Amino acid sequence: MAYNLKEVVANKPSRFTSGHRMCAGCGAPVVARMVLRALKPEDHAVVCTATGCMEVSTFIYPYTSWTDSFIHTAFECAGATLAGAEAMYKSLKRQNKLEGKDTKFIAFGGDGGTYDIGIQSLSGAMERGHDMVYVCYDNGAYMNTGIQRSSATPKFAETTTSPAGKVIQGKMQSRKDLTEIMEAHHLPYVAQTIAVNNFKDLYEKSEKAIYTEGPCFLNVLAPCPRGWGYNTEDLMLINKLAVETCYWPLYEVIDGKYIVNYKPKNKLPIEEFLKPQKRFKHMFKPENEWMIEEFQKEVDKRWEELLNLEEITNR
Amino acid sequence: MSIRERLSGNEAAAIAMKQINPDVVAAFPITPSTEIPQYFSTFVSNGEVDTEFVAVESEHSAMSACIGAEAAGGRAMTATSANGLSLMWEMIYIASSLRLPIVMSLVNRAVSGPLNIHNDHSDAMGVRDSGWIMLFSENNQEAYDNLLMAHRIAEHKDVQLPLMVCQDGFITSHSIENIELESDELVKKFVGEYKPQHYLLNDKEPIAIGPLDLQSYLFEHKAQQAEAMRNAKKVITEVSKEFEELTGRKYGFFEEYKTEDADIVVVAMNSTIGTIKYTVDKLREKGIKAGALKVRVFRPFPGDEIAKALSKAKAVAVLDKADGLNACGGALFTDITSAMQLNKVLVPTVNYIYGIGGRDTKSSDIESVFADLQEIVKTGDINNPYRYLGLRK
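Note that the protein sequences, when read in sequence, are chains A and B. The numbering of the first sequence is numbering that gives the first Met the number 0, which starts it at 0 and goes up by one. The numbering of the second sequence is numbering that gives the first Met the number 0, which starts it at 0 and goes up by one.
Next comes chain B alone, as it looks inside the complex:
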């Protein structure tokens, strides 16, 4: 039986961590994720968790300590944002290459510079090819649910990769919404015990981790890592299905909203999808066949599935909350369009860079995107596919 509550996204993440009861949490404060280790420290101080909390002196050390802890033989978790993730960058790759299923709550924020504390996805996009599983969350409920599923996915023997659960800084992290929590018992049973096969603290089988890995072996090791990421797709599907059976809340690689007969579809990740759904409803009232596609699983990238889902549309807009700064578009756009090309889905598709540094995205902005798509359907003319939304002239 679910418990109805009102929580912010950060509170939801902290409660999920409390229910998971990891063995070690190592974290460093950074806006807007700071509240997560704050709430969690209170659980530690009050004896509500068994966790050893390591209040490290930097995010680089937070990820280093998580690596040491997870390799030692238990569950390690952390939370961060923006520059904190950038400072971890070196260790993010190492965590994945050592095949350590560390779980992170990433509260998305613009990476400097210049300094900005508000939401966009430039932090997450900076580690998109680091070998971490990346789940995005529309609201506090999804931030909570994704965390509950995280260890089951990350620790699966065919995966063994770290995982980050993303949510939008301030927009969901600091907004209080209704949420359905699961009971401690249900979470404990669902998440289960972690029993690693090899670990540092096993004195019966000492192991060595993190070698100098030269020309003769590194390639094969990276290929195994890539295989694990491909395997994650199946595991995510299985775990999400099991979660649905328990909670009634359904999760896939992505969520399609009124796309079945949609001519024009807008694709996005995290909180903006709420505004897009609202706009879709408004347009549907006017008889416009609009739809939305919310990407939940960004890594592993469900390219074939997304391409198939978009194949019936007449025009598509992909919204990227981080600029590619590469003269060809944002990361979600380039991933989706290359998947469409490979799947011979030749639907006119354009990219909008939006919401940078916390720039508000209103329903009128989304309406303008759908209007642009209608124009594309009418004229068949894309012009510039690499566009901006909400940028002041």
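Extracted from the complex, chain A is given alone in its bound form:
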């Protein structure tokens, strides 16, 4: 059935309830709600989160926003924790010790818990082939502890551990490309998408990831108003600009074949994405024009590489 937002919302009540304490204008809760909506209503899910904004805002004892079974253990091990639960499911099913619904396994981690401290646990779980989906909501820094740089933080961005000072102006290193690292695990399904502005893309990719057998990975750009410094009402705009400038391309890799889901007719200059965000403010000083040029070059290079991969893998 073709995707229809109205029908999805009408026919699939949210499995992630309101009343959580995520900030206004944050992309992450939208990701949780939409990914879980992609579950078939008749299926049960075990959700696991890494420690981070999402965990501490959605499950403060004795309240929880999660209507499915949920487990949180620590920062760096959502991959391994959920892998353990999945292994138990497999074991109990095989032994005929478990009755009931089909169960799906979904992990959520921020970029800190995924790109950095959790990458080993994630990589291990993916390599071992557990039937699970790991969703990274990438907001490009350690937002929960107060906006410290991570390996997902874009170059030149100001964070509290990469401040724009007199000598060093923001983060001096380029961001890690985790989606490609996960693709290097030769998973059956890897995709990159965004939190808002294209629900169809997020929903369909979630559905494919959940219902493709084996380990699947979604990397979702989830803007953070506090860390990025935009007005809360601009969440959708920021996501749109990330895609229209090709800073965050929407693409998926199915069994090694790349599909770039959206190619802007008029690729916008990167300034459009950078300008509304306070974390890049220093880049717009007259003497820092080189920063914008360099940033643009990096975006162009990665975009070209992606288009090449699409071409090569579809020959």
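Derived by calculation from the structure, the hints in this document are not laboratory data. Please read these numbers as outputs of a predicted model, since none were measured by experiment. Be careful, since some hints might not be right.
Coverage of chain B stretches by chain A, computed from C-beta distances (three or more under 8 Å per stretch; other residues unrestricted) [what the hints assert, rightly or not]:
id : region
1  : 63 to 75
2  : 192 to 203
Chain B stretches covered by chain A per the calculated footprint, using a threshold of three residues with CB under 8 Å from any CB of chain A [said to hold, decoys possible]:
id : region
3  : 16 to 25
4  : 43 to 56
5  : 85 to 93
6  : 208 to 214
Some chain A residues well away from chain B (every beta-carbon gap over 10 Å; in silico) [what the hints assert, rightly or not]:
id : residue
7  : Lys5
8  : Lys11
9  : Asp115
10 : Gln147
11 : Ser150
12 : Ile253
13 : Lys262
14 : Glu271
15 : Asn287
16 : Trp289
17 : Ile291
18 : Asp299
19 : Lys300
We put the CB at the ideal spot given by N, CA and C, even for glycine.
Fit chain B to the supplied structure of chain A, relying on the hints for placement.
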């Protein structure tokens, strides 16, 4: 009817795991416990167990996966040593706080650094206050028996805490000894089925585990955990009694060896107690009233019971196979002496740090400890209570 066999300590642990037939085993290789997941993988490959074996990429993930698995609704087990346990440390606390009765075989080895692969108890001592039940084993038989009793204790509704069975790396893990195994049927019946009350895979009752637990609740939750550890004492006694009825092998919180009329008593855990018993026998031949006390249950700590058992002695030495590095003594010594103080048992007691990094402990070393105790009895003079045994000058 028991089956007589010859097995190493690691083999004994692996066979116990096979007979328990846990639903998930997640483990990572580390000397000297590596053989346990190795043997166990063979059982999995040959279809001798129903277990899903998760060959994780680290011990941190081993414990994380055990937590996820046990919380999902079945039995999860693992094995490790030394730095492996250190890497698990964060998750060790989480496993206990989530009240998950995971069972671990800990083959004791010195924690780095510097790197050393041989036996001492510094790994176990690093998690002694993490809320795990800790059983120590003198030999392969006890490593096996303790594992058979583990789930019955850990899963009891009044306990629901994880449990580790310790044995000495190489000394027992790699030494082949005679052992009495129980039949698969007996073990299956004794261990029983695990039916958790709440679990992740119950789609009729979704649950949430591992909250952000703030000022209003964490204190009460920790107090419940502490209560569970206190409850474990009664459960350990009951399960050990039932085990004795089935197998004839008796287990308590500790074993007293010729302490009834003993003037001088040496306390230790794991394999060294064998050497101490041998020395006691030799001294008894000479008319010296020596005795030994082997601590089996270290957590929950049977302080009152140990204090009472030592109350008739004239001098006591507590042997710690891990230094406290705290300027006041090893963990077993400080626990025992504080229990003695609370029970008004004012017997002169000294501490020996020994066997660090696999330093061999000979019967002549133990003889020197008993000689020191005789001197203390004679002079009433302790001097320095924080001593070393077998340390080169």
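Taking the hints in turn, this is what the structure says about them:
1. 63 to 75: holds (count 12)
2. 192 to 203: holds (count 5)
3. 16 to 25: Result for this restraint: holds, n = 3.
4. 43 to 56: As far as the region 43 to 56 of chain B goes, the hint holds, because 7 residues have Cβ atoms under 8 Å from chain A.
5. 85 to 93: Answer holds; 3 residues pass the 8 Å Cβ test.
6. 208 to 214: holds (count 6)
7. Lys5: Per Cβ check, Lys5(A) is outside 10 Å of chain B; nearest 27 Å; holds.
8. Lys11: holds, 17 Å
9. Asp115: Non-interface label stands for Asp115(A): nearest chain B Cβ at 15 Å, farther than 10 Å.
10. Gln147: Per Cβ check, Gln147(A) is outside 10 Å of chain B; nearest 19 Å; holds.
11. Ser150: holds, 19 Å
12. Ile253: holds, 26 Å
13. Lys262: holds, 37 Å
14. Glu271: For Glu271(A), whose nearest Cβ neighbour in chain B is about 37 Å away, the distance exceeds 10 Å, so it holds.
15. Asn287: holds, 40 Å
16. Trp289: holds, 41 Å
17. Ile291: Per Cβ check, Ile291(A) is outside 10 Å of chain B; nearest 40 Å; holds.
18. Asp299: At about 36 Å from chain B, Asp299(A) clears the 10 Å cut-off, so the statement holds.
19. Lys300: Given that every Cβ of chain B is farther than 10 Å from that of Lys300(A), nearest at about 32 Å, it holds.
The structure agrees with every numbered hint stated previously.
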